[in-house]
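A.B. asks: Sequence:
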Amino acid sequence: MDDVIQAKVATIEKCLKRIQEEASHDWKNNFTHQDALLLNLERACQAAIDCALHIVRKKHLGLPKITREAFDLLNNAGIIDSPISENMKKMVGFRNLAVHDYATLNLDILEAILTRKLTVFSSFCKTVINLSL
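Residue 131 in the numbering used here is what sits at position 83 of the sequence shown, and the numbering runs on without skipping anything.
Hints listed in this document are in silico derivations from the structure and should not be mistaken for laboratory results. Computed from a predicted structure; not experimentally measured. Watch out, some of these pointers could steer you wrong.
Cross-link-like lysine-lysine pairs, in silico, BS3-like; alpha carbons within 27 angstroms at most [what the hints assert, rightly or not]:
# : residue 1 : residue 2
1 : K137      : K107
2 : K76       : K138
3 : K65       : K138
4 : K137      : K113
Have a look at the derived ranges for each label pair, beta carbon to beta carbon [unchecked claim]:
# : residue 1 : residue 2 : range
5 : K165      : N124      : 18 to 26 angstroms
6 : Q68       : N154      : 18 to 26 angstroms
7 : N154      : E134      : 19 to 27 angstroms
8 : H108      : A160      : 35 to 43 angstroms
Heads up, the beta-carbon is just placed ideally off N, CA and C, and yes, glycines get one too.
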């Protein structure tokens, strides 16, 4: 098991736990809970990006021009499937919006992620945790 992958997966799991804790509160009417959700979602996204880039580098899969291309390279190499790749790329897009354009963040999108899309992180982690590099 690769130490970097293991550390990134642990970070993602920790963030998902915090997201679940914060989502159990009335977060829609509480900026502190919203901030905690966004911060942990951003951290989970960044850990997944870091993990993907690490695998791409170690496996010599190419040089992504933009961050989300790392997931395409993993998909093309058969390491992750297309649904994981596509959903992780959407998460990167959301992360970019949350980081760079926080003022226009739509809470309906955040709610959709919390209720329907968080499982992509677990799927990604299960897929990469035992890769031999």
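A.B. asks: Would you mind marking each hint as holding or not holding in the structure?
C.D. replies: Hint check results:
Distance hint between K137 and K107 is fulfilled; the C-alpha atoms sit about 20 angstroms from each other, no more than 27 angstroms. Only pairs whose Cα atoms come within 27 angstroms are accepted, and K76 paired with K138 is accepted, the gap being roughly 22 angstroms. Taken as a hint, the K65 and K138 pair is honoured in the structure, with Cα atoms around 21 angstroms apart against an allowance of 27 angstroms. For the given pair, K137 sits about 14 angstroms from K113 by alpha-carbon distance, which is consistent with the 27 angstroms threshold.
Between K165 and N124 the C-beta distance comes to about 22 angstroms, which sits within the given range of 18 to 26 angstroms. Here the CB-CB span from Q68 to N154 is close to 21 angstroms, well matched to the stated 18 to 26 angstroms. Range check, N154 to E134: about 20 angstroms between beta-carbon atoms, so the 19 to 27 angstroms window is met. Range check, H108 to A160: about 36 angstroms between beta-carbon atoms, so the 35 to 43 angstroms window is met.
Checked against the numbered hints above, the structure violates none of them.
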